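Colleague: Here is how the chains run, residue by residue.
There are 2 protein chains.
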Amino acid sequence: MNVDIQRLMGEIERLATFSDAPAPAVTRVLYTPTDLAARAYLKSLFAEADLELREDALGNLFARWVGAEPDLPAVGTGSHTDAIPHAGRYDGVVGVLGGLEAIRALQAARFRPRRSIELLMFTSEEPTRFGIGCLGSRALCGAWTAEMLGRLRDSEGKSLDQARTEAGFSGGLETVRLPENYYSAFVELHIEQGPLLEQENLPLGIVTAIAAPASLIVRLSGQGGHAGTVLMPDRRDALLAGAEIALEVDRAARASGAPDTVGTTGIFKVHPGAINSIPSRVELGIDIRDIDGSRRDAVVSRVVAAVGEICERRGIGYEIEWMNADPPAQSGEEVVRALEASAQELGLPYRKMVSRAYHDSLFMARLCPTAMLFIPCKNGWSHRPDEYASPEHIEQGVRVLARTLARLAE
Amino acid sequence: MNVDIQRLMGEIERLATFSDAPAPAVTRVLYTPTDLAARAYLKSLFAEADLELREDALGNLFARWVGAEPDLPAVGTGSHTDAIPHAGRYDGVVGVLGGLEAIRALQAARFRPRRSIELLMFTSEEPTRFGIGCLGSRALCGAWTAEMLGRLRDSEGKSLDQARTEAGFSGGLETVRLPENYYSAFVELHIEQGPLLEQENLPLGIVTAIAAPASLIVRLSGQGGHAGTVLMPDRRDALLAGAEIALEVDRAARASGAPDTVGTTGIFKVHPGAINSIPSRVELGIDIRDIDGSRRDAVVSRVVAAVGEICERRGIGYEIEWMNADPPAQSGEEVVRALEASAQELGLPYRKMVSRAYHDSLFMARLCPTAMLFIPCKNGWSHRPDEYASPEHIEQGVRVLARTLARLAE
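For the protein sequence lines, the chains are A and B, in the order given. Residues 1 to 410, numbered by full-length UniProt numbering, are exactly what the first sequence covers, in order. Residues 1 to 410, numbered by full-length UniProt numbering, are exactly what the second sequence covers, in order.
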């Protein structure tokens, strides 16, 4: 089986040029002209490979290699191509273009699948625009209903429904959910986004469970005023309450008792944001994760209690909006076994591991047996312009993916 | 002398409709289409009052009532009309439209000034766009040279020079500086932006000194990464350092030993600003003020030391950019005396006071004897949509201003 790594790296490089940030950064946000241009490029590649294309009402993109028994549930693979502001070129992309290359390698080897093999590009794995990650896979598995999707608005107040319509995606949102038995198995190739494989000098990780974040938006409202004239005892400064909360998120995650707990305040928006004006409102976006759901939830509870205490002491109003608090997912044993068998056939060492990052596979696991295949990335970095995975590791990942798809589709 | 307060309040109301935020908030940022539309409205009013108009290369707008001896240095009055995001309608505006009404009242009373009386609308008293307040008056008095102005860029990287040119203001920046003996005196009517006059139930404050802020931008750079996969001990989170610094600014101002010290972190910008991304860069805008220059500078030193200590402990890089650290200004005694005499003639009580807010008069004081006249504002609030000064207080301020201008121009 021949993986054309040159062609694949060329396509990854080309896809990175669809970006709203200057290279090497990649910014590709849901339904922007840049996102739509990238999708058009991907569709042209999928069509060249003779895959049957379908888009749903949210923009999830399906590219099917029809099997000998097309009525059987298909084998799915794929990932996402949206990118948070100032991210890199591999996160998600390796699973989409790598999945395409795996299919092309099987085609070139004259493999004839019994089940259809379907490449799936998920809409909006990143939460950038609507504040919620894995939008496409949440809808595909029914975790989010059409009615829940209908309530989403972006930071400029535009509804998801209007945004998708303007981007050319029509049809009822209730049609997005996939029927049972649509897939017999799903497998996602992805960069690790962590340092373990590199540290242990291993080319592959086979994911046995996916951690899930609790994420919340905390909105603080104090009292604004002129930075020169309101004396200190008379202030109710929303930024100072936000600063205390961010420090407490960090402290609570570190105090959980386990190294697997992480807590981050990634959003901190200040209103009005002028140097001579006391901040009247602050919005914090907080993300807390663990591979253990109850330990994660204990940290979340501590943070929520601290928000109440800090705001009461400072005379600050607050509201908390829960973005998500999904349970972790276990991988499907048969998919893990197929990945292990494929790696062993190729003589490639691997470790079993937990994914600390959040993936569409978390939701695909509710539909069908699902697992993930990780390849190393430099220093464990991701979500930054210098995110990097080597061509050698990508090629090895695609080889294992191709064999696994063949095995699952037989 | 007849002040037409109805007309004046109507003009203040009309000017507030030139805003990029919905009413009652006012947002009017330098050289935006909204700023330019507001200027056109003001010029039409000034022209109706038969004032001679002139604009300089920065957009400082001069409207002159030519006196009987036009070669004598003129008497100046005026203020600004730009407004920070989500501000109110009185800050600055009362001194521009109130100055116009004072001139119209003198004209209607058939007063004939010996010296010219000139209304001056300053460009960009607020630091919103270029990070530095009192841009127009700094240039008028030569505190900032053309070369310093030439280095300014807004947050999108556009130079002041390009922005002013696009707004229609041409000519060399070196022509903005006013000659010596241009003005014989300057007086600025303004809302207090503090609570003292209201608390003491006084209609007028005569300003004997103006405090000046030290303002600085602190840029922090840590290490970004995925919020799920970078474990806590491996992080260098720029936001957490910024949070500690903001809390220290507050602590240092409160610990100065005097109630007159204030410290504010009004800007706190986070990069990349996504909920699942560790903040790699943060920019803080810090403003520290006091009526005592050395006490202010001691607080600034404590904050700068804390920035170094916090960043070293957290492995965060930093740079500090000084926006300004101007010395306080003393009012001109003859202008103070003219204000006092005018208030006494009208039987209006007043107090002498220090301005804690920053004004163009701080820089005009370098050119000529200068003082300010304050009127009360509700709860001392300003820089917020519910900023309010009563028509009665505005009328009393304009009456005193008109008499003072007449006295100084005789």
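Bear in mind the hints are in silico, worked out from the structure with no lab data behind them. Quick caveat, the model's predicted, so the values are computed rather than measured. Just so you know, even glycine gets a beta-carbon here, dropped at the ideal spot from N, CA and C. It is possible that part of the hints are untrue.
To be verified - Derived EDC-like pairs (lysine to aspartate or glutamate); straight-line CA-CA distance at most 20 Å:
id: 1; chain 1: B; residue 1: K269; chain 2: A; residue 2: E244
id: 2; chain 1: A; residue 1: K269; chain 2: B; residue 2: E244
id: 3; chain 1: A; residue 1: K269; chain 2: A; residue 2: E244
id: 4; chain 1: A; residue 1: K269; chain 2: A; residue 2: E340
id: 5; chain 1: B; residue 1: K158; chain 2: A; residue 2: D154
id: 6; chain 1: A; residue 1: K378; chain 2: B; residue 2: D234
id: 7; chain 1: B; residue 1: K269; chain 2: A; residue 2: E48
id: 8; chain 1: A; residue 1: K269; chain 2: B; residue 2: E156
id: 9; chain 1: A; residue 1: K352; chain 2: A; residue 2: D260
id: 10; chain 1: B; residue 1: K269; chain 2: A; residue 2: D250
id: 11; chain 1: A; residue 1: K352; chain 2: A; residue 2: E340
id: 12; chain 1: A; residue 1: K269; chain 2: B; residue 2: D234
id: 13; chain 1: B; residue 1: K352; chain 2: B; residue 2: D292
id: 14; chain 1: A; residue 1: K269; chain 2: A; residue 2: E283
Said to hold, decoys possible - Just a sample of chain A residues kept apart from chain B, beta carbon distances all over 12 Å, derived:
id: 15; residue: T34
id: 16; residue: R151
id: 17; residue: P195
id: 18; residue: P233
id: 19; residue: E333
id: 20; residue: A341
Said to hold, decoys possible - Incomplete in silico selection of chain B near chain A, CB under 10 Å:
id: 21; residue: P179
id: 22; residue: I217
id: 23; residue: A246
id: 24; residue: P279
id: 25; residue: R356
id: 26; residue: G380
Colleague: So, for every hint listed, does it hold in this structure?
Modeller: Results of checking the hints against the structure:
1. K269/B / E244/A: Measuring from Cα to Cα gives roughly 16 Å; hence the hint holds.
2. K269/A / E244/B: 16 Å, holds
3. K269/A / E244/A: Given pair K269/A, E244/A holds - Cα atoms ~15 Å apart, limit 20 Å.
4. K269/A / E340/A: The given pair, whose Cα atoms are some 45 Å apart, is violated under the 20 Å limit.
5. K158/B / D154/A: Roughly 28 Å between the alpha carbons, so the hint for K158/B and D154/A is violated.
6. K378/A / D234/B: 15 Å, holds
7. K269/B / E48/A: Outside the cut-off at roughly 44 Å; violated.
8. K269/A / E156/B: Holds, because 18 Å separates the two Cα atoms, which is no more than 20 Å.
9. K352/A / D260/A: 16 Å, holds
10. K269/B / D250/A: Measuring from Cα to Cα gives roughly 19 Å; hence the hint holds.
11. K352/A / E340/A: 9 Å, holds
12. K269/A / D234/B: 25 Å, violated
13. K352/B / D292/B: Holds, at roughly 17 Å.
14. K269/A / E283/A: Given that 20 Å is the threshold and the Cα spacing comes to 5 Å, the pair holds.
15. T34: 16 Å, holds
16. R151: 18 Å, holds
17. P195: 8 Å, violated
18. P233: With a cut-off of 12 Å, P233/A comes too close to chain B, as the shortest Cβ separation is near 8 Å.
19. E333: 24 Å, holds
20. A341: 27 Å, holds
21. P179: Given a least distance of 31 Å, the restraint on P179/B is violated.
22. I217: 8 Å, holds
23. A246: The hint holds - A246/B has a Cβ within 10 Å of chain A, the shortest such distance being about 5 Å.
24. P279: This interface hint holds because 6 Å falls under the 10 Å limit.
25. R356: With a closest approach of 5 Å, the R356/B hint holds.
26. G380: 6 Å, holds
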